[in-house]
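A.B. asks: Listed below, chain by chain, are the residues.
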Amino acid sequence: MLSAEAIAQIDRELTKYPPEHRQSAVISALRIVQAEQGWLSQENITDVAEYLGIPPIRALEVATFYNMFELKPVGKYKITVCTNISCMLRDCASIVQHLEKRLGITFGETTPDGKFTLREGECMGCCGGAPLFHINNTDMYEFLTPEKVDEILEGLK
Amino acid sequence: MPQIEIDGIPVEVEHGISIIEAADKLGIPIPRFCYHKKLSVAANCRMCLVQVEKFAKPLPACATPVSDGMKIFTRSKAAVEAQKSVMEFLLINHPLDCPICDQGGECDLQDLAVAYGSTKSRYTEEKRVVVNKNIGPLIATDMTRCIQCTRCVRFLKEVGGLMELGMINRTEHAEITAYIGKSVESELSGNIIDLCPVGALTSKPFRYSARGWELERRPAIAPHDGLGSHIEVHVKNGRVMRVVPREKESINECWLSDRDRFSYEGVNSPDRLTKPLLRRGDQWVETDWQSALEFAASRIKDTIARHGPDQIGMLISPHSTMEEGFLLKKIAKGIGCGNIDHRLRRSDYRLDGNFQGTPWLGCNLTDINQLDRILLIGSILRNEHPLLAHRFRCAVKYNEAELSLINPLGQDFLAPVAHKVITSPDGMVEMLLQVLKAVSTLERRLLCLCLPPALTRVMETVEVSETARAIAASLAGYGKTYDLISPRVGVFLGNLAQHHPRYAELYTLAEAIASLNGAVFGVLSETNNRVGLNLARAMPRRGALNARTMLEQPRKTYVLFNVEPEFDCHNGKMAADAMAAAECVIALTSYKSEALRDADVLLPIAPFTETSGTYTSMEGRVQSFAAANRPLGECRPGWKVLRVLGNLLGLEGFDYESSEQVKDEVFEGEAPSKVVWNRLNNNLRVLFDIEIRPPSMKLQRIGDIPLYQTDGTVRRAPSLQAAGKNCIGYVSMNGKDIQSAGLKPGTLVRVSQGGESVELPLRQDDRLASGCARVPLGPSTARLGDLFGEIRVEAIR
Chain D
1 MLSAEAIAQI DRELTKYPPE HRQSAVISAL RIVQAEQGWL SQENITDVAE YLGIPPIRAL
61 EVATFYNMFE LKPVGKYKIT VCTNISCMLR DCASIVQHLE KRLGITFGET TPDGKFTLRE
121 GECMGCCGGA PLFHINNTDM YEFLTPEKVD EILEGLK
Chain B
1001 MPQIEIDGIP VEVEHGISII EAADKLGIPI PRFCYHKKLS VAANCRMCLV QVEKFAKPLP
1061 ACATPVSDGM KIFTRSKAAV EAQKSVMEFL LINHPLDCPI CDQGGECDLQ DLAVAYGSTK
1121 SRYTEEKRVV VNKNIGPLIA TDMTRCIQCT RCVRFLKEVG GLMELGMINR TEHAEITAYI
1181 GKSVESELSG NIIDLCPVGA LTSKPFRYSA RGWELERRPA IAPHDGLGSH IEVHVKNGRV
1241 MRVVPREKES INECWLSDRD RFSYEGVNSP DRLTKPLLRR GDQWVETDWQ SALEFAASRI
1301 KDTIARHGPD QIGMLISPHS TMEEGFLLKK IAKGIGCGNI DHRLRRSDYR LDGNFQGTPW
1361 LGCNLTDINQ LDRILLIGSI LRNEHPLLAH RFRCAVKYNE AELSLINPLG QDFLAPVAHK
1421 VITSPDGMVE MLLQVLKAVS TLERRLLCLC LPPALTRVME TVEVSETARA IAASLAGYGK
1481 TYDLISPRVG VFLGNLAQHH PRYAELYTLA EAIASLNGAV FGVLSETNNR VGLNLARAMP
1541 RRGALNARTM LEQPRKTYVL FNVEPEFDCH NGKMAADAMA AAECVIALTS YKSEALRDAD
1601 VLLPIAPFTE TSGTYTSMEG RVQSFAAANR PLGECRPGWK VLRVLGNLLG LEGFDYESSE
1661 QVKDEVFEGE APSKVVWNRL NNNLRVLFDI EIRPPSMKLQ RIGDIPLYQT DGTVRRAPSL
1721 QAAGKNCIGY VSMNGKDIQS AGLKPGTLVR VSQGGESVEL PLRQDDRLAS GCARVPLGPS
1781 TARLGDLFGE IRVEAIR
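The listed protein sequences derive, respectively, from chains D and B. No gaps in the numbering here: position 88 of the first sequence is 88 in my numbering, and each next residue is one more. Just add 1000 to the spot in the second sequence (first one is 1) and you have my numbering.
Chain D with its partners taken away, still in its complex shape (with noise of 0.2 Å):
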């Protein structure tokens, strides 16, 4: 079921389209449960594809499409790093490592205590701001360093 929370926000999305078009705002709804529930179960899918009125594979469409969406129990705080070719040249790795020893995880993994994951992201577009990550597809951080990093984790916990 879904919440009265998520189903006000939906509805708000859903005045930005024409009443015959439900399906349109399946990837806005799809985001709003997913920041409620931190993660897309089956039944979150099912959920939503019967309150837009559209098969729920249009809607597992959506979601397995976006890497954004999440479709497995991910950390209370999922951190996306960008490895992409600007965020590269200033010099990402940096960032991944140091990222990766002090949570003691990858890439796709989750911290033991269920509080980090660890993400690689595809350009975010903000190339001007690189190195950079975003938590929770939401929050994003710029002109990354591991003292930064630090900084941002500490105020994460």
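Rather than coming from a laboratory, the hints here were simulated on the basis of the structure. All values derive from a computational prediction rather than experimental measurement. Cβ coordinates follow ideal geometry from the N, Cα and C atoms, glycine included. You may find that some hints are simply not true.
Simulated pairs of lysine-lysine, DSS-like, Cα-Cα distance not exceeding 30 Å [said to hold, decoys possible]:
hint, chain 1, residue 1, chain 2, residue 2
1, B, K1127, D, K72
2, B, K1057, D, K16
3, B, K1038, B, K1057
4, D, K72, B, K1133
5, B, K1157, D, K16
6, D, K115, D, K76
7, B, K1157, D, K72
8, D, K72, B, K1182
9, D, K72, D, K115
10, B, K1744, B, K1182
11, B, K1133, D, K16
Some, not all, of what chain B presents toward chain D, calculated at C-beta under 10 Å [claimed, not checked]:
hint, residue
12, V1011
13, K1157
14, V1159
15, E1164
16, R1170
17, I1180
18, G1181
19, S1183
With the hints as your guide, set chain B onto chain D.
C.D. replies: Relative to the frame of chain D, chain B by itself:
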């Protein structure tokens, strides 16, 4: 219109069509996998790349519209190179398992790889493997072979009406799948087997049993629903291996329903009767045709001598050919017996003698797509005529038709329904009366003056509900989004309406509503040949007994033609009891059946694949076909058996040498089209008197015929039975009724009707009219009483 040039051939084409359509019209081959003329354009296989002058890059022919002066090269060096490169890409991940692939020999990829592929692969890396999916008992999957053309996805979404397959993940990981844990349940699902250009989706029942080139292909006509779809029966070593559609744009387009596609399994069933059987005490004894037929003839003569010909009742399956119906009628006439009928599941015969002609669809099948307003009464259309449901969906989707439904139960129509009424069987009559009243009070309609006074008087007694007013307004052309001054309107009666105990009233009201709206008025044909058997007059003589009264007033002797009494009649219990009580039951049948336990002689007759004959579809299309296969064992075509039976009874005029001669006599030497033109007519001589009944306080049964229970052949097709196993053996009621009866959904309850009772699981179905219990026909419920009638549902103590 744009002038274009394809491979140097100048041609003028319609504006807006794609290059591939233009080339197809000219007969110029362009290789393709994802493009299909009946589906939307995806342009994801890239196989149809062609070179177009003034374009630097090759363009996909399926997704590029033609424009004036375009010069297209499909066989130029650049085009062929592009196509070859695409082929190389497609083959990177395609397994080289053609020798063990069921599609081998009829595979688009295989054929095109011969034309465009390289003899050697340059790819040395690991190929990808995709896990197979279980999508049901009809379709086998080998997903590693899939090239992601998405034809199956688009078919189920656009034609099937429900997107049951999709492509999840992306890039190299993309794969076609049903939703987690779901199977494909569309009644048209078999078509994705034909659509799949590779061996990823193949037919589960046909799998590993034959190669395409071993099969003899014989044209035939589908024997189940009223469309008369064109099929091709594939035979190997005298056994039907599979059935595929033959393209017929005006009937089945290039599709086929699963029932028509997989019912051939029934023909190969171990139940097939291959020798005449005679009853000796409790035993069945094999005998020869001569003695079996002589026995049958002597028993008929004996009954006539002792009790008179009126004590004989003849029931013929509505799936029989016109020739069979005609000959049985001729025998009945010859021996002076008027009791013959094919309308076995009908319960209301009050209109007999009141028809001006043979009821039919009232229009061509293709006209359905063009309708603007539709009123469909008493029909689970997707079960009854799966491909007709597709045409109705097309009308709604592409012609923006407004569809109104009046039904005792709900089925997802898979297209927007403008107005939906779910009400009890009696409520349907009243609802139609309300609609009629609402129509006649609309200002645009002045024709109401023509309604007979009796009808007008009854109309005054009902109060028009909001929904009825909305339906009437819709039919008159007032629309939800825009109004039409002169809408094309269709009013149709479905199978449920025809089984309805007040069919006469539904019919009258539907006709009145249709005529006030200047609408097409149609009766969907219950079976493949209901119209044909009506034309062949396989019906009771005036004053004689019909299919129901023949059972109500048991006869001494019954002749059954491909009838399993308890499964095929409106009241299974009454039918079974009548057979048990009869002195003699002569059964002409394709199958041994427990339902024929009371028969005295079983005469094996050929099923649809092994006989020649003629069906007339619901749109009045007379279609003859030849036998696709030799009769199994000693079984013989029905018309031959009836001919000899006629001879043995000493009747005149039974000297036919072919079924064509019988057909000529059916049509009295006239062209079939002329006879059909003269005889098809849905109008009543006199409108029937409508009675207003207070709503019944007793629980009413809604006995629908599930998709795969329609006739003996379908009931013996194991794959179809597996696919439809959830549609039988239950009773459902709506939530409120369940609660007020103190029952619990999911538990076993006792369902009793007509002195019989069975225990069935109770399901909650809120799309069912209140005061009704849906008990579909099925093996466990066949011996209950009327399909529509009072029923008791109680908890088991």
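A.B. asks: Hints first: check each against the structure and report whether it holds.
C.D. replies: Structure-based check of all given hints:
1. B:K1127 x D:K72: holds, 26 Å
2. B:K1057 x D:K16: violated, 38 Å
3. B:K1038 x B:K1057: holds, 27 Å
4. D:K72 x B:K1133: Holds, at about 21 Å.
5. B:K1157 x D:K16: Holds, at about 25 Å.
6. D:K115 x D:K76: Given that 30 Å is the threshold and the Cα spacing comes to 5 Å, the pair holds.
7. B:K1157 x D:K72: holds, 28 Å
8. D:K72 x B:K1182: Answer holds: D:K72 to B:K1182 is near 20 Å, not above 30 Å.
9. D:K72 x D:K115: holds, 14 Å
10. B:K1744 x B:K1182: At roughly 26 Å apart (the allowed maximum being 30 Å), B:K1182 and B:K1744 satisfy the hint.
11. B:K1133 x D:K16: violated, 37 Å
12. V1011: violated, 39 Å
13. K1157: With Cβ-Cβ at 8 Å, under 10 Å, it holds.
14. V1159: violated, 15 Å
15. E1164: holds, 7 Å
16. R1170: holds, 5 Å
17. I1180: Since chain D brings a Cβ to about 5 Å from B:I1180, closer than 10 Å, the hint holds.
18. G1181: holds, 8 Å
19. S1183: violated, 12 Å
Going down the numbered hints, you'll see the structure goes against 2, 11, 12, 14, 19, while the others check out.
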